[in-house]
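To convert a position in the sequence shown, counted from 1, into the numbering used here, add 38.
Do not rely on the hints blindly, as some may be mistaken.
[To be verified] DSSO-like mimics (lysine-lysine), calculated; alpha carbons at most 27 Å apart, straight line:
id	residue 1	residue 2
1	K146	K55
2	K70	K55
3	K70	K120
Since the hints were derived computationally from the structure, they do not count as laboratory data.
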Amino acid sequence: MRTTDSIDPDWSRLLSKLEHVIDLGTTARTSKALVRRRGVGDAATLLRLALAYGPGGMSLRSAAAWAGPNDVAAISDVALLKRLRGSADWLGDIAGALRVNVSEAAYKLAHMARKGSPSKAVGFLVKTRPEALPHLSASP
39 MRTTDSIDPD WSRLLSKLEH VIDLGTTART SKALVRRRGV GDAATLLRLA
89 LAYGPGGMSL RSAAAWAGPN DVAAISDVAL LKRLRGSADW LGDIAGALRV
139 NVSEAAYKLA HMARKGSPSK AVGFLVKTRP EALPHLSASP
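Throw the hints in and build the complete structure from the sequences for me.
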């Protein structure tokens, strides 16, 4: 199992990329996903808990238990359930924003390739998603 120290850089990187696509704090407030802040201080924390529970494969009890000692949140499993129920629309907004972002990038890439400039298309892909083409990136 990875420790918090090994997960935190990944989490910070994910949040910085996500903030370019959607404002987590504003959307959490407008969708009423984050009304009361007891135990869960901000939208990023709520998203982290949702990801631990959903795609992370933790049960509600495990996610709540994991959050405490890892300084993510101080919350019970019942409180986490209520928070996640109230955040369904907000999580959908995040997924929708990510889908639009990926669609726009794919459209731009296809447009470059159709115009007969495959080198620009590859350059765009390397610039925006260097991990997609590791053999072409200049990193050591």
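Here is what the structure says about each hint:
| no. | hint | in the structure |
| --- | --- | --- |
| 1 | K146 with K55 | holds, 19 Å |
| 2 | K70 with K55 | holds, 23 Å |
| 3 | K70 with K120 | holds, 12 Å |
Hint compliance for this structure: every hint is met.
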